[in-house]
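Asks: Going down the list, the protein sequences come from chains A and B.
Counting from 1062, one number per residue, gives the positions in the first sequence under the numbering used here.
Counting from 63, one number per residue, gives the positions in the second sequence under the numbering used here.
These are calculated hints, taken from the structure and not from any lab test.
Any given hint might turn out to be false.
Said to hold, decoys possible - Keeping only pairs whose Cα atoms sit at most 27 Å apart, straight-line, the calculated BS3-like set for lysine-lysine is:
hint: 1; chain 1: A; residue 1: Lys1107; chain 2: B; residue 2: Lys319
hint: 2; chain 1: B; residue 1: Lys163; chain 2: B; residue 2: Lys117
hint: 3; chain 1: B; residue 1: Lys295; chain 2: A; residue 2: Lys1314
hint: 4; chain 1: B; residue 1: Lys175; chain 2: A; residue 2: Lys1107
hint: 5; chain 1: B; residue 1: Lys261; chain 2: B; residue 2: Lys271
hint: 6; chain 1: B; residue 1: Lys261; chain 2: A; residue 2: Lys1126
hint: 7; chain 1: A; residue 1: Lys1107; chain 2: A; residue 2: Lys1126
hint: 8; chain 1: A; residue 1: Lys1126; chain 2: B; residue 2: Lys70
hint: 9; chain 1: B; residue 1: Lys295; chain 2: A; residue 2: Lys1212
hint: 10; chain 1: A; residue 1: Lys1314; chain 2: B; residue 2: Lys187
hint: 11; chain 1: A; residue 1: Lys1137; chain 2: A; residue 2: Lys1083
hint: 12; chain 1: B; residue 1: Lys187; chain 2: A; residue 2: Lys1126
hint: 13; chain 1: A; residue 1: Lys1126; chain 2: B; residue 2: Lys96
hint: 14; chain 1: A; residue 1: Lys1258; chain 2: B; residue 2: Lys175
hint: 15; chain 1: A; residue 1: Lys1257; chain 2: A; residue 2: Lys1314
hint: 16; chain 1: B; residue 1: Lys292; chain 2: A; residue 2: Lys1212
hint: 17; chain 1: A; residue 1: Lys1295; chain 2: B; residue 2: Lys70
hint: 18; chain 1: B; residue 1: Lys295; chain 2: A; residue 2: Lys1295
hint: 19; chain 1: A; residue 1: Lys1243; chain 2: B; residue 2: Lys151
hint: 20; chain 1: A; residue 1: Lys1126; chain 2: B; residue 2: Lys319
hint: 21; chain 1: A; residue 1: Lys1137; chain 2: A; residue 2: Lys1107
hint: 22; chain 1: B; residue 1: Lys271; chain 2: A; residue 2: Lys1257
hint: 23; chain 1: A; residue 1: Lys1258; chain 2: A; residue 2: Lys1432
hint: 24; chain 1: A; residue 1: Lys1314; chain 2: A; residue 2: Lys1347
hint: 25; chain 1: B; residue 1: Lys186; chain 2: B; residue 2: Lys175
hint: 26; chain 1: A; residue 1: Lys1212; chain 2: B; residue 2: Lys261
hint: 27; chain 1: B; residue 1: Lys292; chain 2: A; residue 2: Lys1314
hint: 28; chain 1: B; residue 1: Lys96; chain 2: A; residue 2: Lys1107
hint: 29; chain 1: B; residue 1: Lys187; chain 2: B; residue 2: Lys175
hint: 30; chain 1: B; residue 1: Lys271; chain 2: B; residue 2: Lys117
hint: 31; chain 1: A; residue 1: Lys1107; chain 2: A; residue 2: Lys1258
hint: 32; chain 1: B; residue 1: Lys319; chain 2: B; residue 2: Lys331
hint: 33; chain 1: A; residue 1: Lys1295; chain 2: A; residue 2: Lys1356
hint: 34; chain 1: A; residue 1: Lys1083; chain 2: B; residue 2: Lys96
hint: 35; chain 1: A; residue 1: Lys1402; chain 2: A; residue 2: Lys1356
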Amino acid sequence: MMQRHTSLSANIVQFCRFLRTKNFSLGVEEETAILTALQCINYQNKDVFRVALKTLCCRSRQQLKEFDALFTQYWKELAEAVDAKIKTQQQQSAKSTAKDASFKSLKAWLNGNKSDEQEEVASYSVNENLSKKNFADVTGDEMEELMRTIKALSRRLAAQINRRYEKENRINLPDLRRTLRKNMRRGGELLELAFKKPKQNRTKLVVICDVSRSMELYAAFLLQFMYAFQHVYKRTETFAFSTSLQHITQLLKQHDFTAAMRLLGDKNEGWSGGTRIGKSLSAFVKDYANRYLDKKSIVIIMSDGWDTGDIELLQQSMQTIQYKSKKVIWLNPLAGYADYKPHVAGMKAALPFTTVFAPVHNAESLKSLSKWL
Amino acid sequence: MIQLNDIKQMLLQQGYITDDSVVMSVYLSLQLNKPLLIEGPAGVGKTEIAKVMAKALQTELIRLQCYEGLDATHALYEWNYQRQLLHLKMTEHADQTIDEKEQTIFGDTFLMKRPLLQAITQNKKTVLLIDEIDRSDEEFESFLLEVLSEWQITIPEIGTIRASNIPQVILTGNRTRELSEALRRRCLYLYIDYPDFEKEYLIVKSRNKDIDAKLAEQVTRFMQQLRTMKLEKTPGIAETLDWATALAALHIDHLDKDIIGQTLGVIVKDWRDTRNVQMSLSELMEKTGIISKIDVA
């Protein structure tokens, strides 16, 4: 440990504070480690000094990428004898106004521009804020990060397991009942142990997503969510509708999301058009309900409820769907707004037949989906 | 005291071609006795660092391979239940009190040490490799935090075992799952990316001493070009080395379309990729400079 308060140690502490404002998580422990480490390297050599600090300060790839620029910036400012007190970071006010920008970024991301992919979130708080941000307000910069959150989320959701157990050969939870039964023939001497593990969830999911114009801002995220979710949770059937219904499970099974989206686009000139919820749901009831719905299946409908079609048809279809399935969950992006009331005719008609009505406007709300599953 | 240059030499001697950031990370992790978390795509030599370190420090490498569902028992210790029972059966009529019997069956003979316990009970400082930590569950990661900070393990029947020598820990991962902030903070972080041409060429040359210089260059260029393609599974250095070895074994001194086609399976491990690469082989070869337009004409 450096005992004296030298200019170097003061600078290191200052530098750490500077990095903290850039979302590096550096505490006293790290500062101590840096000072200890400096004793065993030749810090007169600037390159060695930089690489050492880099190794000690960075905790993720993103930080590694940013470090060199920050390092140069800090020491340059110091050399220029600028007041080294760190100004509070300027509020990032780069709120993209054009919604096209976000789609441009989405497109770049989908095209597998992996090298530029923002791979790490610097700190927890950033993630937290973003997951509470309405999908409609997400700027281009935040798109990639949100997409990753959604991916991780779908993985976690799919991993939900239920409380029943099934047989397993690996050493895990002991299964007393089967152990005793197995060993009865030896007079009850417990030579062989049997194990069990939580049973995989057998719930079937049917997801029906509205991709009409009014849902345009949300559909991109929801499709991404469905795509990611379907890849980890095998018992999922997906449908999309605007003016007509389409079964897209197979399409989403494409290895590559871009390819899947392209195929979807090719087949649907009518996408992002008006909404015929009633017609689409009745098509679902007619063609798919018998095959995919039973008392173990949960139906998730993601739509804002704006319907330009037959309301009575919507009511009838909802009734059948509710009757045939275990649960109907209606996720509405608009319900995220504080003063939202489901006054739209379509929504009003559908509400009596839904078990759960919940918002789906940000990553946080997708997370709470697990409550209903 | 080991110096920075010693580490570089040490890694070089073991045939590990490296750069400053790797050397610095290894050096500081040794000096500060901190775990080193290494991330990067598959096949860039993350695990290799642990092996090389163990060799260079002339110590044992203990490896814990992580997977989904890995739990504490698999990582720490287990009692050999069957053996304990048999032992009890065999000594049923021996003149031993119950206490004595219990002492024997909960002794070293029946304790199966798993990697973590092994690592902390060695007489010498070991290198503990916790491979693909991101594949394990979050619960296991949290459990690991405790072991890594306390360096002691409690076995109810025996008591607490404190580490006689704190091992040098290397954790690797390739981002299957985001690791927790807590784990990151306890480690030094290193990201290893695909190597540039010079580095990869050196690696190929150093690992295959008798490889033809021209072939080594062609192989490296081809691989560098291949990685710019959009592939499902981008080949790493491991693939380059396998390929170079295979080609050298076949006594080939230069690449051509047929040879690449026939040996593609060594470097491309996904059928979609194979198809894509086959289709764009001519273009790839031209970009690599293996054939020029004049040759084709």
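Asks: All hints are to be evaluated individually against the structure, with a verdict given for each.
Replies: Outcome of the hint check:
1. Lys1107/A to Lys319/B: violated (48 Å)
2. Lys163/B to Lys117/B: violated (42 Å)
3. Lys295/B to Lys1314/A: holds (18 Å)
4. Lys175/B to Lys1107/A: Distance ~46 Å between Lys175/B and Lys1107/A Cα, so the pair is violated.
5. Lys261/B to Lys271/B: holds (16 Å)
6. Lys261/B to Lys1126/A: Holds - the C-alpha atoms of Lys1126/A and Lys261/B are around 20 Å apart, at most 27 Å.
7. Lys1107/A to Lys1126/A: holds (19 Å)
8. Lys1126/A to Lys70/B: holds (23 Å)
9. Lys295/B to Lys1212/A: The hint holds at about 19 Å.
10. Lys1314/A to Lys187/B: violated (49 Å)
11. Lys1137/A to Lys1083/A: Holds, at about 17 Å.
12. Lys187/B to Lys1126/A: violated (33 Å)
13. Lys1126/A to Lys96/B: holds (22 Å)
14. Lys1258/A to Lys175/B: Within the cut-off at roughly 24 Å; holds.
15. Lys1257/A to Lys1314/A: Between Lys1257/A and Lys1314/A the Cα gap is close to 32 Å, so the pair fails against 27 Å, i.e. violated.
16. Lys292/B to Lys1212/A: Distance ~20 Å between Lys292/B and Lys1212/A Cα, so the pair holds.
17. Lys1295/A to Lys70/B: The hint is violated at about 48 Å.
18. Lys295/B to Lys1295/A: Given pair Lys295/B, Lys1295/A holds - Cα atoms ~23 Å apart, limit 27 Å.
19. Lys1243/A to Lys151/B: Holds, at roughly 19 Å.
20. Lys1126/A to Lys319/B: violated (38 Å)
21. Lys1137/A to Lys1107/A: Holds - the C-alpha atoms of Lys1107/A and Lys1137/A are around 13 Å apart, at most 27 Å.
22. Lys271/B to Lys1257/A: violated (52 Å)
23. Lys1258/A to Lys1432/A: holds (22 Å)
24. Lys1314/A to Lys1347/A: holds (24 Å)
25. Lys186/B to Lys175/B: Holds, because 16 Å separates the two Cα atoms, which is no more than 27 Å.
26. Lys1212/A to Lys261/B: Given pair Lys1212/A, Lys261/B is violated - Cα atoms ~34 Å apart, limit 27 Å.
27. Lys292/B to Lys1314/A: At roughly 19 Å apart (the allowed maximum being 27 Å), Lys1314/A and Lys292/B satisfy the hint.
28. Lys96/B to Lys1107/A: holds (24 Å)
29. Lys187/B to Lys175/B: holds (17 Å)
30. Lys271/B to Lys117/B: Given that 27 Å is the threshold and the Cα spacing comes to 20 Å, the pair holds.
31. Lys1107/A to Lys1258/A: violated (56 Å)
32. Lys319/B to Lys331/B: holds (19 Å)
33. Lys1295/A to Lys1356/A: holds (18 Å)
34. Lys1083/A to Lys96/B: holds (24 Å)
35. Lys1402/A to Lys1356/A: violated (30 Å)
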